[in-house]
Amino acid sequence: MSSNDEGSISETETRGYRVTHNKTDPGACRHGNFINYYQFHPAEERLRQLPRGVWHADPTDRKYVGLDVGCNAGNLTLALYDFLRANIDDSSSDNADLSLLGVDLDPVLIERAKEGNDPNTGRDVTYKCMDFMAAESSGVIDEFLTSKGRDLFDVAFCFSVTMWIHLNHGDSGLVQFLRSVCEKTRIILVEPQPWKCYRNASRRLKRANVADFPMLQSLRYTGEMDTHVENILTEHCGFDKLTESGNNDWGRKLLIFKRKQTKCDNLIDLNE
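The opening position of the sequence shown corresponds to residue 0 in numbering that gives the first Met the number 0, with each subsequent residue numbered one higher.
Calculated directly from the structure, the hints in this document are not laboratory data.
Predicted, not measured: the structure shown is a model, and the values here were computed from it.
C-beta: ideal position from N, C-alpha, C; glycine also.
Please note that a few of the clues may not be correct.
Across the chosen pairs, the derived CB separations fall in these ranges [as the list claims (entries may be wrong)]:
1. 110 with 135: 17 to 27 Å
2. 39 with 59: 33 to 43 Å
3. 195 with 148: 35 to 45 Å
4. 223 with 201: 17 to 27 Å
5. 242 with 195: 19 to 29 Å
6. 34 with 214: 19 to 29 Å
7. 226 with 201: 18 to 28 Å
8. 208 with 239: 38 to 48 Å
9. 86 with 208: 41 to 51 Å
10. 34 with 250: 17 to 27 Å
11. 195 with 86: 24 to 34 Å
12. 59 with 201: 13 to 23 Å
Start from the sequences, fold in the hints, and give me the full structure.
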């Protein structure tokens with residue numbers, strides 16, 4: 000870990016990818032890797048929003064495999080494991096084998112997640128440090144799925160990650176991210192940040208004397224981000240909407256979609 004003078008930033012390298020933490024204002028974050036995230040967004044509030052009756056184990060292989068993208072320090076990942084353990088709809092008399100993979104691009108947060116994962120609880124939870132937008136991420140995902148004898152996750156959770164993908168990789172990056180997740184799962188849950196959060200993230204960088212998100216002004220997906228995300232998933236990823244929750248304490252809803260075909264078709268041409 001090293002530091003520089005711009006806004007008192009500490010930097011960590013992860014697979015050649017530089018992740019920053021602003022010491023002056025921890026909320027001035029470029030990738031959403033907040034150090035004390037769960038102090039302000041408790042895991043219990045997300046669990047309150049989750050519906051019952053949509054988490055179905057495949058009776059043919061007796062397994063339920065989940066992915067938590069942007070898992071931070073793992074608090075929510077562990078809570079999701081306990082929630083699924085209690086709510087998987089399994090038609091057989093025995094409980095399905097439940098496994099979760101949590102991924103985050105911040106190695107500091109992943110180390111915290113690993114430290115907080117008590118092996119004595121019996122939870123089958125694995126954490127990996129990876130940037131989902133990097134080419135090598137598919138290898139990490141495929142390796143985990145292969146170890147569980149699966150080609151797809153039963154569910155992929157994307158809690159408050161789409162804005163950071165969008166701000167750092169643009170409109171095409173947001174589409175690429177959602178397509179990549181959809182290609183690896185039967186169900187996807189997305190918690191999109193509203194557009195006002197984009198503006199707030201930009202203002203916090205500026206107040207901390209850090210360069211703004213370079214793609215912000217060129218984004219074409221603006222305004223109603225719930226609608227944009229839903230359109231991408233239903234029109235271009237082969238997924239149907241199952242349900243959506245009411246707003247949580249910080250004004251966001253959960254959108255849940257289910258695969259309706261074998262792969263994503265109709266790639267969006269953002270140059271049209």
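- Item | Supplied distance hint 17 to 27 Å, evaluated on CB atoms of residue 223 and residue 201 | holds, 18 Å
- Task: Look at the Cβ atoms of residue 242 and residue 195 and judge whether their distance stays inside 19 to 29 Å.
- Result: For residue 242 and residue 195 the Cβ distance comes to about 24 Å; the hint holds.
- Check the following: the C-beta atoms of residue 34 and residue 214 are separated by a distance inside 19 to 29 Å. Holds - the Cβ-Cβ distance for residue 34 and residue 214, about 25 Å, lies within 19 to 29 Å.
- Query: Holds or violated: 17 to 27 Å for the Cβ distance of residue 34 and residue 250?
  - Reply: holds, 22 Å
- Distance restraint hint 38 to 48 Å, applied to the beta-carbon atoms of residue 208 and residue 239: holds, 46 Å
- Item | Verdict for residue 86, residue 208 (Cβ pair) under range 41 to 51 Å | The hinted range 41 to 51 Å holds for residue 86 and residue 208, with Cβ atoms some 46 Å apart.
- Does the Cβ distance between residue 59 and residue 201 fall inside 13 to 23 Å? Violated: the Cβ-Cβ distance is about 48 Å, outside 13 to 23 Å.
- If you check the beta carbons of residue 110 and residue 135, does the distance land in 17 to 27 Å? holds, 20 Å
- Task: Could you check the hint for me, namely that residue 39 and residue 59 are 33 to 43 Å apart, CB to CB?
- Result: The hint (33 to 43 Å, Cβ to Cβ) holds, given that residue 39 and residue 59 are roughly 42 Å apart.
- Message: Between the beta carbons of residue 195 and residue 86, is the distance compatible with 24 to 34 Å?
- Response: holds, 32 Å
- Query: In this structure, is the beta-carbon distance linking residue 195 and residue 148 contained in 35 to 45 Å?
  - Reply: Hint holds: Cβ distance 43 Å, inside 35 to 45 Å.
- Query: Holds or violated: 18 to 28 Å for the Cβ distance of residue 226 and residue 201?
  - Reply: Taking Cβ atoms as reference, residue 226 and residue 201 lie about 21 Å apart, which means the hint holds.
Hint violations for this structure: number 12 only, all remaining hints satisfied.
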